[in-house]
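Assemble the whole structure, with the sequences as input and the hints as a guide.
Position one of the sequence shown corresponds to residue -2 (our numbering), numbered consecutively onward.
Everything labelled a hint here was simulated from the structure, so no lab data went into it. A few of these clues could be false.
16 Å max Cα-Cα, derived EDC-like pairs, lysine to aspartate or glutamate [as the list claims (entries may be wrong)]:
#1 K150 / D166
#2 K32 / D3
#3 K32 / E20
All values reported here derive from a predicted model rather than from experimental measurement.
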Amino acid sequence: MALAADLLAEFGSLRRLSEAGVEELGRVPGVGAAKAAAIVAAFELGRRVPREESGTVLRRAPDVAELAANTLAGLRRERAVVFVCDRHGRLLAEVRLSDGTADRALVDVREVLHAVLRHDGATFALAHNHPSGDPQPSPADIEVTATVAAGAKAVGLRFMGHVVVAGADWSEVPLSSARRRHG
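Given below as structure tokens:
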């Protein structure tokens, strides 16, 4: 309990503590690498509880954006995830594809398709965050979305789309250069 109080005092709030990485936590006296990893894992598991209990179903971009906003909230680096669903859109798995920098996360098409197939998915969606606060898709976001869509079609998977979240705002990444913004 004393360590928990020290962590809250160090980070100022539960929200900021939940956003801390292993390295940051490890700098707190009494928190080594193993404890830091356990704390990060505990917060990650806590973020997943609501969607497992609700039997999450993804049908459209707003559904994906809502789930992604919860999953990617407060991160200071871009993170790309794939939401793997059955043919009815029921969430089977959430797979972290990559953790990037403050302005870039790599998405490898092979890794996306492998994640979906490994979890016996039939349909899937991509999401990533923009810590800058601007959900506008980049040219690279549009390019990877088109490539993933083509790969999904080639192997018989249904690609629901790709969303970029930035706080409460989000955008659906188009398959062309026309851009749509939501929020």
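Hints versus structure:
Our distance criterion of 16 Å between C-alpha atoms is broken by K150 and D166, whose separation comes to about 29 Å. A threshold of 16 Å between alpha carbons decides the hint, and for K32 with D3 the separation of about 14 Å falls inside it, so the pair holds. For the proposed pair K32 and E20, the alpha carbon gap of about 11 Å is at most 16 Å, so the pair holds.
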